[in-house]
Amino acid sequence: MIIKLGNWLLPLILFFVIFYGMLKKVEVYETFLEGAKDGFNTAIRTIPYLVGMVVAINIFFESGALKVLALGLNPLLNKLGIPAEVLPHALLRPLSGGAALGVAAKLMEAYGPDSLIGRMVSTMQGSSDTTFYVLALYFGSVGIKKFRYAPYVGLIADFTTFLASVFVVKIFFGT
Amino acid sequence: MLNYLWGGMVLLGCLAAFWQGKPELIVKAALEGAKLAVDTAFGLVSIITFWLGIMRIMEESGIVENLSKILAPLIRLLFPEIPPGHPAEGAILLNLSANILGLGNAATPFGLKAMEELSRLNPQKDTASRAMCTFLALNTSAITLLPTTIIGLRQKFGAASPADIVIPTFLATLIGFTLALIADYFFKKSRW
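Sequences listed follow chains A and B, in order.
Under UniProt numbering, think of the first position of the first sequence as 1, with each following residue one higher.
Under UniProt numbering, think of the first position of the second sequence as 1, with each following residue one higher.
Among the hints, a few may not be true.
Said to hold, decoys possible - Derived SDA-like pairs: lysine to any residue, alpha-carbon spacing no greater than 25 Å straight-line:
(1) K22(B) with G64(A)
(2) K145(A) with A34(B)
(3) K37(A) with F42(B)
(4) K106(A) with F170(B)
(5) K146(A) with S190(B)
(6) K22(B) with A70(A)
(7) K67(A) with V10(B)
(8) K170(A) with K156(B)
(9) K24(A) with H86(B)
(10) K189(B) with L155(A)
(11) K145(A) with Y4(B)
(12) K145(A) with R120(B)
(13) K24(A) with P87(B)
(14) K156(B) with Y111(A)
(15) K37(A) with S119(B)
(16) K156(B) with L101(A)
(17) K79(A) with L179(B)
(18) K146(A) with P80(B)
(19) K79(A) with L171(B)
(20) K146(A) with E81(B)
(21) K106(A) with G158(B)
(22) K22(B) with G52(A)
(23) K106(A) with L25(B)
Stated by the list, open to error - The following residues of chain A were derived to be distant from chain B, with all beta-carbon distances above 12 Å:
(24) P75
(25) G81
(26) A84
(27) E85
(28) P88
What the hints assert, rightly or not - To give an idea of the interface, some chain A residues facing chain B are shown, with a C-beta separation under 8 Å as derived from the structure:
(29) L9
(30) V28
(31) I44
(32) I47
(33) A56
(34) I57
(35) P113
(36) Y138
(37) S141
(38) Y149
Hints were generated in silico from the structure; no laboratory data involved.
Just so it is clear, CB atoms sit at the ideal spot from N, CA and C, and this is done for glycine as well.
Hey, can you work out the whole structure from these sequences and the hints?
Right under this line is the structure:
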């Protein structure tokens, strides 16, 4: 039901916008072109910022440094009652949406989507964002080099959502 | 501080590779990352061009204006720096609506448009303004109603009821969102 709704939403929005525009006698095609003409430059302007961010993330991940960090944090997780299996996902999520989705898929394959771990990782994937990518992309598009406190707010949000996902799933589905 | 975070990731990555005796990993990872970034940027060209075109129609026909009128008090509260009626308002609202509905690929172009408008109001062009930081806080922690990608994945792996994580996801994002706004408020006050 919800997937169907998701599939319908964008087409319906598109239909409504064009329909309403024509109703209001907007020259829809010309207006579309006028808005669209900046698309290319906006995307291209973000290249150096994205390359900078993704390169550092890739080195950190591919070298195994992230794994070492995860191992170091395991004892703390045990004390908090958080399954160690979901940690790699939590650490990757702010860095790379694709890699995190890969971890989520692997965990669901190994434990089943309806296991506690499967549900935790689903909730984590759905509720947090690729903070560093968003920062690089959004700030990069307008040439911001000094991010001030924005990364910390993003990380605080990611960390909170991680803990919230684990405990909400435990309350809803846990034993 | 971002310099330390960025430098730290690269240096720790290098150390980890050296320690394992696999220094060749580093340049390979760097170049693969660079390629992924460029591919991502080019992949965005089509999405951004399309949605910015649609957004202009929304502006011209008055949809954005109506939306802004309804939600103006919220914008006043979160972004006191934005003058009433500024085009940044509409772009921020469209971005947040798309985010909440889980329409990731429509949310990004609206977000970039919002940044562009906020940049016009920013006196120090290379430094993030407070409004920009607040906007990013809203963005990275936005409440999610329809996590469609993950529901699809759960369906693929044969979950009994793939959408049963919708309410937990909503609650988790609500908690993260609230905390992000509180953190943003205190960082703002601290004049960082």
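Item to check | Hint check against the structure, violated hint numbers in rising order | outcome: Going through the list in order, the structure violates no hint and respects every one.
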